[in-house]
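**Student:** Please work from the sequences and hints to get the whole structure.
First to last, the protein sequences are chains P and V.
Letter by letter, the first sequence follows residues 1 to 438 of our numbering.
Letter by letter, the second sequence follows residues 1 to 438 of our numbering.
Partial list, derived from the structure: chain V residues whose beta carbon lies under 10 Å from chain P:
id, residue
1, I77
2, P138
3, N419
Mimicking DSS-like on lysine-lysine, the simulated pairs with C-alpha atoms at most 30 Å apart in a straight line are:
id, chain 1, residue 1, chain 2, residue 2
4, P, K195, V, K34
5, V, K78, P, K163
6, V, K273, V, K259
7, P, K415, V, K34
8, V, K31, P, K202
9, V, K273, V, K339
10, P, K415, V, K32
11, V, K78, P, K234
12, P, K34, P, K401
13, V, K335, V, K78
14, V, K195, P, K401
15, V, K32, V, K346
16, P, K202, V, K34
17, P, K32, V, K415
18, P, K401, P, K31
19, V, K273, V, K91
20, P, K45, V, K161
21, V, K78, P, K195
22, P, K335, P, K31
23, V, K31, P, K415
24, V, K415, P, K401
25, P, K339, P, K31
26, P, K195, V, K339
27, V, K78, V, K32
28, P, K163, P, K254
29, V, K202, V, K259
30, P, K254, P, K161
31, V, K91, P, K163
Keep in mind the hints are simulated off the structure, nothing from the lab.
Glycine is no exception: its CB is placed at the ideal position from the N, C-alpha and C atoms.
There are 2 protein chains.
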Amino acid sequence: MFTISSRDKNQSSKPRVVIIGGGFGGLQLAKKIKNAPVDVLLLDKHNYHTFQPLLYQVAMGSLEADSVGFPIRRIFIKQNNFSFNMAEVQKINPESNTLTTNIGTIYYDYLIVATGAATNFFGNEQIAHFAMPMKNIPEALNLRSLVLQNLETALVTSDMKEKFALMTFVVVGGGPTGVELCGALAEMRHLILMKDYHGLSKYDMRVYLVEGRDRLLAAMSPQASAKAKEFLVKDDVIIYNSAHVESYDGYYLKIDNGKTIKTRNVIWAAGVKGEMPGGMPAEAIAKGNRLLVDEINRVKGYNSVFAIGDVAAMISDELPNGHPGVAPVAMQQGKLLAKNLVHLIKGEPTQPFKYFDKGSLATIGRNKAVADFGKLHFQGFFAWLIWGVVHIISLVGFANKGVVLLRWAMNYFTKNSDNRLIVRYYNTETRMAESESK
Amino acid sequence: MFTISSRDKNQSSKPRVVIIGGGFGGLQLAKKIKNAPVDVLLLDKHNYHTFQPLLYQVAMGSLEADSVGFPIRRIFIKQNNFSFNMAEVQKINPESNTLTTNIGTIYYDYLIVATGAATNFFGNEQIAHFAMPMKNIPEALNLRSLVLQNLETALVTSDMKEKFALMTFVVVGGGPTGVELCGALAEMRHLILMKDYHGLSKYDMRVYLVEGRDRLLAAMSPQASAKAKEFLVKDDVIIYNSAHVESYDGYYLKIDNGKTIKTRNVIWAAGVKGEMPGGMPAEAIAKGNRLLVDEINRVKGYNSVFAIGDVAAMISDELPNGHPGVAPVAMQQGKLLAKNLVHLIKGEPTQPFKYFDKGSLATIGRNKAVADFGKLHFQGFFAWLIWGVVHIISLVGFANKGVVLLRWAMNYFTKNSDNRLIVRYYNTETRMAESESK
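**Tutor:** Here it is, written out as structure tokens:
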């Protein structure tokens, strides 16, 4: 079995910083700590970083999977104090400063939990079985396959009820992901369906959005919410606000507003919860399965365990729910923690975290986005342009930026896309077998 | 159930031409027949065309899957006499002019079998189970995952014998695919391994090539064979010529030259056979499971069944084995058959097929390729440049050309690549489950 202790591996006397998770927060921390007198070990169950904000475009067939992923090893080629292992952490053992993982026991001096968020089905196993989550690349590819396979099947189905169910798409959750997915589905309906699928009519394809709160994009301004709704309604998306899904058996989706939708396509973007290995005591865990942290992201009750990003709950009087689960929070926390770890090691005073909110953006489709920058709210083409620029700049990898830019330009001008490939044939059983084998 | 007969579907009196397979041959035929008085129905089990010559780069993590695929529907958006269905053809019923498929029974007036070639394990089920084929995108992604997962595992394995087995790569088959795979593996060993996988040494990684004949690239000139071997040997690939694999149990690979290699990575590029649905009688089937065709690609004994490309055996005194299984043969046959079908419908004389061999190219790695153009044989940088240009030009899709060019330029200058993502976690059981569910 593989074991790493801070002593026996490299006879280094430098403290070992172990980061679980190569998302936005974990990467920032690992990068910013490059000149510190520490050894960094990053663990992730994937061998790549995922740029989650564009996953929905992979799922909708507008981008290739590889353009939103980047190999973690490749990012750190020149960083000498860094190493990476692909590993699934099963348990944190804070009493012995070790992790139990599928590749062995790993010792840490400082542990940073940066495992992000998982899809929250709120305990409903039937929904978890039949609805499609979209939190990583394999899930996005599964979703892409489901949508395209169902359109193929719709073409050859003579049972009209079944045909409509195959052509009915329900997105549950009206946050940025849900809104962006609906926008992309509406665009597929308007621009692509009848060009590609001779024999299917856009009037038979329906897109629904079900949101529990009374407005979409609840984390953004009321102006943004209203405009997003207006854009979607104009594109024939049927929106149910203040509505919750009661059940979904793979065909009938029941909503607590009395409606039942017959659909073969339910995409679940309705909730997240912190994703973390076992081993942390209940008193360190806050609402939403997140780790309670102090103002330097140190987990309550521990000196050497930290949490950043979506899995961290930095709760205060001003922020009773902690920070929003967005990339900038994770990145800023990672960046600051890199500094604070050095301060801690040197016995210097630390600096408390303060979130600098640069603003929020969400896109609804071609030329359509909503933007909030402080008191400035605007919507439409200019917001859409900023959305594009911000995402291209934030993507990891020079070639990825180029590939995405090229695909976007082509998709924009041809009003079509080249990535609608079913690269993994989807069925529920294969998905289940795979997620268990992972 | 879905049924198409030439009468009930569109009340068209035009003959229905059904093409099975959207490879090089099928696509050419469908395109060139666009102005003919026929209805064209193309069937493929994938919803995209695969550019097989670059599959090995997907497997080796130099290109994204989507860049070597292109949605078939998208190609034919503007062709009015064309339709496509994703379908698996189970049986040809030549006596009733119908196909039995997973989407129902389909009637044809003219049938063109363009199903290409499948990996030939020569009946050895153990090898089929443990060795990796690479004939389509899912298989290329499986291979990519296997290679990268095994390197990850090698890093955390303390059993030295297992570690070497994980870092030993055996390619079986010294045709273009085998040579190109070996070149890419050798390059990964030289350029990438020690940059990315701190802790692994290139001196522990071994690449073998096992070829049954006495030279590599047997379809090319002796000069090309010799130079390809020289390039590979210089890159430390161990080549066994006139050697055949006897067995492989997932760990021990036994070769009939007395050698046994301990390896976790066996890539099978040793043989192909025609891939076709059942239903054709034995007398129409030639060596290599191909359909015997006359000089206009009409299957022996039938008036309305044709075969083109790798699945066709156009055997004559000059060509006792038929044409080589390469894309240009399939494309030229598809193109000519489009004309001949019109001639047949109009009762005009047909034109016999004659293969125009434009030349052959194979690449071994950066700056290294071999080329045969008639009596002209050359190798090295210039051949490599031509190889690149020819492949970019031949790729389907403008954006795909751009993406591949961009990735190649980046890979060339950085001596690395960004596509080494394990997008589907590979294990033998999942693969088996999936190939059965397909």
